[in-house]
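Asks: Listed below are the residues making up each chain.
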Amino acid sequence: LAKTTQPISMDSYEGQEVNITCSHNNIATNDYITWYQQFPSQGPRFIIQGYKTKVTNEVASLFIPADRKSSTLSLPRVSLSDTAVYYCLVGDLGNAGKSTFGDGTTLTVKP
Amino acid sequence: NAGVTQTPKFQVLKTGQSMTLQCAQDMNHNSMYWYRQDPGMGLRLIYYSASEGTTDKGEVPNGYNVSRLNKREFSLRLESAAPSQTSVYFCASSEVADNYGYTFGSGTRLTVV
Chain A
1 LAKTTQPISM DSYEGQEVNI TCSHNNIATN DYITWYQQFP SQGPRFIIQG YKTKVTNEVA
61 SLFIPADRKS STLSLPRVSL SDTAVYYCLV GDLGNAGKST FGDGTTLTVK P
Chain B
1 NAGVTQTPKF QVLKTGQSMT LQCAQDMNHN SMYWYRQDPG MGLRLIYYSA SEGTTDKGEV
61 PNGYNVSRLN KREFSLRLES AAPSQTSVYF CASSEVADNY GYTFGSGTRL TVV
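So the protein lines, in turn, are chains A and B.
Read left to right, the first sequence gives residues 1 to 111 (the numbering used here).
Read left to right, the second sequence gives residues 1 to 113 (the numbering used here).
A few of these clues could be false.
[Said to hold, decoys possible] Straight line, CA to CA, 20 Å or less: simulated SDA-like cross-link-like pairs of lysine to any residue:
(1) B:Lys9 - A:Ala60
(2) A:Lys3 - B:Lys9
(3) B:Lys57 - A:Asp92
(4) A:Lys52 - B:Gly101
[To be verified] Looking from chain A toward chain B, a few residues come up when the C-beta cut is under 10 Å (computed):
(5) Tyr36
(6) Ser41
(7) Gln42
(8) Gln49
(9) Phe63
(10) Ser74
(11) Pro76
(12) Leu89
(13) Asp103
Don't read these hints as lab results, they were simulated from the structure.
Where a beta carbon is used, it is the ideal one built from N, C-alpha and C, also for glycine.
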């Protein structure tokens, strides 16, 4: 199982870009990287997924270097409502149950 | 659309009691999962069902059993609850047995005293 390491917490201010990095040194060839967002008292919500280089959707970008040993979730122009816990998940598509959630990064956005 | 529905939302059990947590999804997903989340920690996989008729152990299966009742429903049973099982339990589903786009329920907060 690919173990992930994230910063425990980060602070930011409204309107800033936030980058959260996840380390996954033993990522396997078939593993994909997925990020989730979790608000208090709710289940996690899918944000973005990628395999290599850069992926962008309407809410975030995911940057993955060539060696794939880390990944960075980028949130543009955060607002107070982006305050949440963000989880990086590394796993093999089609191989259910073989991936693990890390402890997550608590992002606090301040006015 | 309801997505993934979990019942109950809250439950208090005495040590040794049994109970079943229910989960149902209406997205026609093939795979379903049960996770637990302890305070300040990430999610740990208890059991999963890659497809109807199959179940497999995850990272922390001891003390739990599951039943994939049909394609929509996946239940988690605690036969003899212990204080160490105090946690928030999340059910999730995905279209196929992969890690793309899990849809999670809102959770069941279980306290064992």
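Asks: Each hint should be assessed against the structure and marked as holding or not.
Replies: How the hints compare with the structure:
1. Taking the CA atoms of lysine 9 (chain B) and alanine 60 (chain A), the gap is about 31 Å. The hint is violated against a cut of 20 Å.
2. A distance of roughly 31 Å separates the Cα atoms of lysine 3 (chain A) and lysine 9 (chain B); the hinted pair therefore is violated under the 20 Å criterion.
3. As the CA atoms of lysine 57 (chain B) and aspartate 92 (chain A) are separated by approximately 17 Å, the hinted pair is consistent with the 20 Å bound.
4. The hinted pair formed by lysine 52 (chain A) and glycine 101 (chain B) meets the criterion: a straight-line CA distance of about 18 Å does not exceed 20 Å.
5. Nearest Cβ of chain B to the Cβ of tyrosine 36 (chain A): about 8 Å, under the 10 Å cut. The hint holds.
6. Below 10 Å, beta-carbon pairs count as interface contacts, and serine 41 (chain A) has one with chain B at about 7 Å; its hint therefore holds.
7. The interface hint given for glutamine 42 (chain A) holds, since its Cβ lies 6 Å from the closest Cβ of chain B, which is under the 10 Å cut-off.
8. A hinted interface residue such as glutamine 49 (chain A) counts as satisfied when its beta carbon comes closer than 10 Å to some beta carbon of chain B; here the least separation is about 6 Å, so the hint holds.
9. For phenylalanine 63 (chain A), the interface hint is violated, since its Cβ never comes within 10 Å of a Cβ in chain B; the closest pair sits about 19 Å apart.
10. For the restraint placing serine 74 (chain A) at the interface with chain B, the shortest Cβ-Cβ distance is roughly 19 Å, beyond the 10 Å limit, so the hint is violated.
11. Because the smallest distance between the Cβ of proline 76 (chain A) and any Cβ of chain B comes to about 21 Å, over 10 Å, the interface hint for this residue is violated.
12. For the restraint placing leucine 89 (chain A) at the interface with chain B, the shortest Cβ-Cβ distance is roughly 6 Å, inside the 10 Å limit, so the hint holds.
13. Because the smallest distance between the Cβ of aspartate 103 (chain A) and any Cβ of chain B comes to about 5 Å, under 10 Å, the interface hint for this residue holds.
Going through the hint list in order, the structure does not satisfy hints 1, 2, 9, 10, 11.
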